[in-house]
Amino acid sequence: MPLLAIENLAVSFETDEGIVDVIDGVSIDLAEGETLGLVGESGCGKSVTALTVMGLLPKPAGRVVGGAIHFDGRDITSLTSEELSTIRGRDIAMIFQEPMTALNPVHRVGNQLAESYRLHHPEASKAEIREESLKLMDHVGIPAAEQRLDEYPHQLSGGMRQRVMIAMALSSKPRVLIADEPTTALDVTIQAQILELLRDLQNEYGMAIVFITHDLGVIAELASRVVVMYAGRVAEAAPVDALFASPKHPYAQGLLASIPRLDSEPKSLLPTIPGVVPRIEDLPDGCRFSNRCAHARDACWTDKPAIESVATDRTVACLRWRELEQQAAASA
Amino acid sequence: MSEQPLLSVVNLTKHFPVRGGLFLRTVGHVHAVDDVSFEVRRGETLGLVGESGCGKSTVGKALLRLYEATAGAVFFEGEDITQMNRKRLRALRKDIQIIFQDPFESLNARHTVGKILAEPFVIHKVGTPNERQHRVEQLLERVGLDASASNRFPHEFSGGQRQRIGIARAIALEPKLIVCDEAVSALDVSVQSQVINLLLDLQREMNLALIFIAHDLAVVKHISDRIAVMYLGEIVETETAQEIYAAPKHPYTQALLSAIPIPDPTIRRQRQILSGDVPSPITPPSGCRFHTRCSHATATCRNRKPTREQIDANTSIACHHWEQIQAEQAA
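In order, the protein sequences belong to chains A and B. Under this note's numbering, the first residue of the first sequence carries the number 23, and numbering increases by one thereafter. Under this note's numbering, the first residue of the second sequence carries the number 46, and numbering increases by one thereafter.
Excised from the complex, chain B in its bound form (with noise of 0.2 angstroms):
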């Protein structure tokens, strides 16, 4: 671990004021993301999986400067990205860029896909316009799409293929670091394969580290080497893919494995039903922020926070009883 990771993030905090009332004063906050850190080394690909509420999108759009962090630091190649002026910033959007479910609310609908997938060259002075014209069309073609889509319009295009063109213009300026936000959640089951093995491809020619932000854990999973279980704006697990499919520690993550309905009908499991719903991130509960829904739960994580214990140097667990419920297990 001599290596310095690409992008490390330590105890970034978004807060987002709630306003009500005569005044619309702020009467409390929505506790969007609190407390996370978590690194992604080059090349790798971290998944950020979570159910809706928990901040996973919110950490991406605050990786990338789209929200300003309440607290905390995002070191990019060293450099903390929250620090950053206007000018640096710009620069770094060549380093890491973002891609969302709907790519067709990111793409001008006027512009033609050539004009769009061009801009990113123009923004950063890269190239003549031949030159440019000419990069465009291998990027289609880097992204199976045929060349001549340059002359199209993004409604013409279904939405797989819209992806693909959100993908082209991401890898445009050969970024270190792209954040997946949702990327294949709207499309269908046979598009959303052909979408992720580009991804991979992709990841595997440029040396790409991606963030991978989505719900399906069975996705997150197939995409990640390392993967950080979030719920209710806090990390509450980080562990390999592998592992954290045979021996799930924290109990949200075991719960939420469970919940996942496996496409053979053959195993039959017993599942582990959360009940309720996820509480309020604007009045989350005290102590263990899970402890509403644990069936582990006892005084100790009503009363107090636990901390994130680093295992080693994949793995880090938030939960005060995780060895004990772990030996209860194997027993």
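The following block holds chain A by itself, in its conformation from the complex (with noise of 0.2 angstroms):
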């Protein structure tokens, strides 16, 4: 049984023009201690799932309309607030792209970081929690902990608040990890310190992460599994290997074929999805990447494509993948 399990979700948003499915049908599996890689571009609603995921949906406009989520084999879309206040944050923490706004800039580091630890250990005398404060502080790697605890959030780096962000959501010893976009915002160097760090936390610690990212790179570098997002629904699910070596679902393919490479022939003409990521608002019937698709037949723009099995935890939602693999095959 997978650790997390999101069945067939769906969540609505309400907008200026009317309701919209911005998630549909949306089905992911976490295992216990693996790195699931969620990707996709802008409006895709890898952000969203996750925050339904943590029952952070913005209230009233977005609402979950249909499906489950399992975590450790109960229901947890249907729990009270209360009843799910207990796994979030506990069970399932989160970090986000930007910890400055996460952040409290008012409140001093360590403050806040009490705050995150009192929580999950309510008997916890203060000398305790400073202790596990400097101890957490001590194992994501920030140095002069003893002073950074009583700075504010402002004097520290871009890397050193996510490196804060990712002790608080430690320090309730989480089963789960969900990272949305947690390196984006930094440079490269940094951003190579704290996916390092993510990797040694969960040899110790043993959590699942699910990684949001558009990043590609970062997806084969941490991710064993991967999701690939479009326009509110599952577009391919596959192990990392077999997704890059041979993606199967026309998105992914264009996804990949498009990233400019470090061994690309220099001023190359890069391959490219034509058209953009449609508005929510007016995205086709049928297949939602039937207007990019340069394989679209009619069945496309009407029909929804199902979640077909190709391997062993391997799905692909296209209603041609089959026939163009075979035209691959034979071309080749």
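Hints are computed from structural coordinates only; laboratory data are not their basis. This structure is a prediction, so every number in the text was calculated from the model and none was measured. Some clues are possibly wrong.
[Claimed, not checked] A short list of chain A residues far from chain B (calculated; beta carbon distances all over 12 angstroms):
(1) A146
(2) Q169
(3) L217
(4) A242
[What the hints assert, rightly or not] Here are the simulated lysine-lysine pairs, DSSO-like style, with alpha carbons at most 30 angstroms apart:
(5) A:K157 with A:K195
(6) A:K289 with B:K350
(7) B:K221 with A:K289
Where a beta carbon is used, it is the ideal one built from N, C-alpha and C, also for glycine.
Could you fit the two chains together into a complex? Lean on the hints.
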């Protein structure tokens, strides 16, 4: 049984232009201790999926209209917010892209860390909390932890702030860490430090990580499995090696082909996906990728593709994937 | 190398005062750009790469006098931009353009795209209204937008489309050089590749020179002929795009390349992870500014600033020990 199972989740948002299906039938499994990459472009629903798991959907605009989320066998979409709070932040913790907005600017780092620790250890004494905080800070690689505890978030660099966020998330020893673009705002050399830290911590704590990003390089380095989302649906889910070696969904293929690589021919034209990501208010019927897909046929414009099992632990949602694969094999 | 470079930057320096205290006296300076020199040839792309605070954007802005340089000179076709008067500077804008990360901020939200694109012609008194209208439509089509976009407003377009409008405006007067300041950084992957291709196409067609400023080394490497790597306000290495990937020489360039996640899970690399953060540009480290994070640093590096050595036409390195490091790594 997976530790976290998102089953056929549907989330809608009320907008000026009516109710839109931001998440439409998303299913994702997360096993104990694994790292799952959740990848897609802006508006694909990767962050909304994560927020829904955390029970942090903006209300009343956002609403779960279908499906279920099972954590450790319990459906957490039906829990009251009190019941949910025993799971959220404790068993499932989350870190965000911009720690500056998640940290309170007028409180010292130490107090904020202490607060999250106290939440999960209400009986701890002040001295204990301080000691644990120092340990946590040390653990996430913050030098001069003693002095840092008494500083304010703005006195820390972006990388250090993200480390503080990670320390807060770890204070409850979560079983799942959802990391929503935690390194996107950081410089590459700092990103490398944070990725290394997350890998080390995972080895030590054995937590599962859902890593949300648009950066396929980060996915390749960190994740063991990857879910590619497009316009609120899962296009393809696969082990990371399999996806990068032979993507099946035309969107996943296009995405992988279009990134400039260090070893690509300089100044060569890149393969592209035509058009732009459609606005969530005017998605095409049928397959949501149909208006940008070179392989789209009439049926793609009208029929929603089912999620098909391709191989062990591998699914694709494309009406023509089998046919396209045969064509590719024949022409090769 | 007999041909005169299109642009030649000589010892460009830009310090911003830091004010503090009761009377807001200058208490220090941000050393944003220090003694930066490089050349750009006609029709080529120079990539300017480095992490936040390295001064790459400041260089771009100083070239167009959006910031006044503290010292140094910028020669465009032999004439020093830093000494130009207003009138001359305005004429220069025909030849040098800049595009930014978020085109929305640089497009007047209350003007139609047609009006925005006609503006350069109006300012520089080019053509009749009819001719201008025709040119605007041509420009829109050239950057891959429908001519009907002319009647719409910037907010009606997506990020990628707005960047296309920004590019259309930049090429309107057929400039010789465009500074692209993180021009594709905010775009989604699938749209980013479209805009990169557009820039490559336009460059070939118009023999445009580009200065491509970005933090994403993979993107910079893809679009550039040559690359200058900056760290804390200084250029530490210049190199051809091909060579910088194949054989980076400066320890910082090596670390930067090694930090880039490669979209191929079959490649498992030995990572060089730099420790610590980039030091403050207000009090940059003594000697070589990279010595606080460099695994090869010695006492010499702490005390003496390395001069940038010109190895060949395209390659220069500012490191005391680069030859020794290269020999060690080869062994």
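We went through each hint and held it up to the structure:
1. A146: The assertion about A146 (chain A) holds, with a minimum of 31 angstroms to chain B.
2. Q169: At about 15 angstroms from chain B, Q169 (chain A) clears the 12 angstroms cut-off, so the statement holds.
3. L217: violated, 7 angstroms
4. A242: About 4 angstroms separates A242 (chain A) from the closest Cβ of chain B, which leaves it inside 12 angstroms; violated.
5. A:K157 with A:K195: holds, 13 angstroms
6. A:K289 with B:K350: violated, 35 angstroms
7. B:K221 with A:K289: holds, 19 angstroms
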